[in-house]
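A.B. asks: Each chain is listed here by its residues.
2 protein chains.
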Amino acid sequence: METKKVLILGIDGYIGWALALRLGKKGHEVYGIDNLITRVQAMEVGGDSAFPLPSVEERRNIFKEYIGPIDFIVNDITKPYVLRDYISKIKPDAIIHFAEQRTAPYSMIDEEHAIYTMHNNIEGTIRLIYAVKDNPEIHVLKMGTMGEYGTPNYDIPESPYVKFEYKGKSDMVPVPKFAGSWYHWTKVHDSHNLLFANKVWGITITDINQGPVYGTRTTDMLDGDSIIEGLRTRIDVDEAWGTVVNRNAVRAVLGLPLLVYGKGGQTRGFISLEDSVNALEILINNPPKEGEFRVVNQFMELYSVEKIATLIADATEELFGYRPKIHYVRNPRIEKEEHYYNPERKILPDLGYKQKRFLKDEIYSILTDLYQYKDRLKNFSEWTNVKTDWKNGRNDKNRFDLIKEL
Amino acid sequence: METKKVLILGIDGYIGWALALRLGKKGHEVYGIDNLITRVQAMEVGGDSAFPLPSVEERRNIFKEYIGPIDFIVNDITKPYVLRDYISKIKPDAIIHFAEQRTAPYSMIDEEHAIYTMHNNIEGTIRLIYAVKDNPEIHVLKMGTMGEYGTPNYDIPESPYVKFEYKGKSDMVPVPKFAGSWYHWTKVHDSHNLLFANKVWGITITDINQGPVYGTRTTDMLDGDSIIEGLRTRIDVDEAWGTVVNRNAVRAVLGLPLLVYGKGGQTRGFISLEDSVNALEILINNPPKEGEFRVVNQFMELYSVEKIATLIADATEELFGYRPKIHYVRNPRIEKEEHYYNPERKILPDLGYKQKRFLKDEIYSILTDLYQYKDRLKNFSEWTNVKTDWKNGRNDKNRFDLIKEL
Ligand SMILES: NC(=O)c1ccc[n+]([C@@H]2O[C@H](COP(=O)([O-])OP(=O)(O)OC[C@H]3O[C@@H](n4cnc5c(N)ncnc54)[C@H](O)[C@@H]3O)[C@@H](O)[C@H]2O)c1
Ligand SMILES: NC(=O)c1ccc[n+]([C@@H]2O[C@H](COP(=O)([O-])OP(=O)(O)OC[C@H]3O[C@@H](n4cnc5c(N)ncnc54)[C@H](O)[C@@H]3O)[C@@H](O)[C@H]2O)c1
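Just so you know, the protein sequences line up as chains P and V, in that order.
First residue of the first sequence? That's 75 in the working numbering, and the numbers climb one at a time after it.
First residue of the second sequence? That's 75 in the working numbering, and the numbers climb one at a time after it.
Calculated from the structure, these hints are not laboratory results.
Watch out, some of these pointers could steer you wrong.
Which copy? The list can't say, so a pair holds if one copy fits it or any two copies do.
Claimed, not checked - Taking lysine-lysine and the DSBU-like style, the derived pairs with C-alpha atoms no more than 30 Å apart in a straight line are:
no.	residue 1	residue 2
1	99	434
2	237	99
3	163	430
4	243	448
5	420	243
6	153	448
7	79	465
8	399	363
9	381	153
10	363	430
Nothing here was measured: the structure is a model prediction, and the numbers come from that model.
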């Protein structure tokens, strides 16, 4: 396999760091930018990474020691010239864009958080478009979310455009989307802006709609059977930054009841961190044709939120000898709690992709990894509770109301 | 008719000022905010208002003299607290939001203009949402554009949602849109953000998709038969800010060839300034139900760009005795030059609305009004040319290439 120059925007993050390890291990040239904002924004709302994060200089050194060369600069991609200058200097073959505010509750905290999310995500993507617009040979991979589609009552097409009929006439239109938070809407706006950029400048794009990611490790962090602590990626635990599997796993380790919003019938397409990195590697190695806009639905397993809680409770009981309760709490979000869900998924299988990890197995390594940091996790236990209500924003005071059992 | 408190965002602009005159004349309480940015952004690209604009203090005084009381403050609605504080102070019945960067070529000049347009338009609307979210009794009228829909091969529904079918299953989805410039995309993003805000907070919204507006006067500027110069609204003349009818009328007055992009088959739904103000008055007087999201397609006549040039040439010949040439120039935009176009239009007629002005008549008053300022207009003649190309942005140097006849 030919090696590539890959630029990772958001290299300091959960998926960005894991992907950097993978690409470095496979001999690709790894470049990265990050403004480290997730480090501070998680602390702003009471959280932090479950595993202590090395400083940037430590990360560079550990990477060089175990993986290979890396260029990792600290900067904000929404600032003028940052991306344009860096990209024209290194001339990457592929750029993968993770560098966005990525939590729904954080975007719903209040007006300033909504504004920040719109600004950071939309403007970063516009700057990326202008940095590559004259270089269709660069493959841009944009990380979006399955949440852009909402939960429609029809199968979710895996393509940029779809046929729409109205009163006997028809045309191709962008695949309909209806997001459930400001965060998710910024991803919809990004996708639309990229569709337009593709039309005007012929930019080559893979727009990835990914489901929630779970997992505390990838094989690239291992030395034989044991994990190299310094290579770990961040794992968020709090209400805003911790995603449903990871956060409930933290609560299980802490002996807290697992939280299910409303009836818990909300179904999503999940993917392990290992599988996410595998899929991204395949997409990078197999770019679309120059000028093509490729859409990928990247998830592996469909689960309801309730089913996830049950899996975590089962594994916790088996591992640690106690069974966490499951609390059904008032749903702070505006979403359907029972619905049809059937997204199409063909591009990755066609590229030879095969799922390697399954939640029912992976949950054991997640719980074991977290258990090792139980004392550290105790600091955040309060902040794993529900704090942000879609209608009223964040209220650290009324949290006891929010977690009252239904 | 009961009088209302109406807050106009963008009161210093082309439509905003004309609407203020109308509402004031009808005895409504008029409040307005504007940061005066169009005044300077038009100059940035070589233009200005065809009619000299009074200062804000002059405008306030003239308004008070001829129309009635007014509160007109100078501020930027994208700044924190500006809208929230003002709205909670005055408690308006209706807010009409014009305060956005409103030109497609300006948004396509380069990266910084794209970023500015995204920032200004999206964040202003988010701030408006937060300022009214707890007040569904306030009727928010948001000015969007027919350009949000693009030129689809099907009739354009006049509603927020429409039925979409895929592989035998169906659901309601937002009416599909595909815009043709960053400017137009910000309006799509705004509409989506408003749909979400309506769902979460039940904000009462009229989302108006308006066609290009033409006209140099409204009846509210008249004292008997003669116009009160100080009451005139701004009219833009340059490539970026001048819309197709108004700008070609300026060129006709200056004896320059009228410009048609490509084949000129691009069809749009036009509306006179007088009719736009009439329609807005009706929509303000007839709000939707509390919590409703109403979509209005606001245009009166369908014309191709080529047909408009012919109408202007005919009227110029009749009025001034010379016939301007029509130049077909390379289309700087990415758009279809021949296409189906049939937007639905039912809401306004159902509210008793009737068209009062027709382009073929109105063009005479436009040309006569502009002719009076012929010497002033000469300053801008250079800047009425094509300067911004969708692919390459603005280039003041290669304009001669751009206006070369096909
Ligand atoms: N984690 C998931 O479950 C999941 C699921 C679907 C999609 N995604 C998407 O994948 C991407 C990565 O997610 P993650 O979980 O790794 O999030 P993360 O927050 O851990 O990583 C994002 C990184 O981008 C950086 N960043 C943000 N704004 C920046 C800016 N303006 N300039 C430079 N760097 C900036 C942050 O500091 C952070 O290190 C995001 O776009 C997210 O929306 C994540
Ligand atoms: N003129 C048309 O043909 C037309 C057609 C369809 C839709 N529209 C829409 O109607 C609205 C008004 O158009 P117009 O022709 O009167 O434009 P305009 O530029 O003359 O008026 C807009 C006004 O808003 C102000 N403004 C912009 N950003 C602001 C901010 N952040 N804070 C405070 N004030 C701000 C400007 O200074 C300006 O006075 C726009 O939203 C436009 O997109 C116009």
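A.B. asks: If any of the earlier hints don't hold here, list their numbers in rising order.
C.D. replies: Violated: hints 2, 3, 4, 6, 8, 9.
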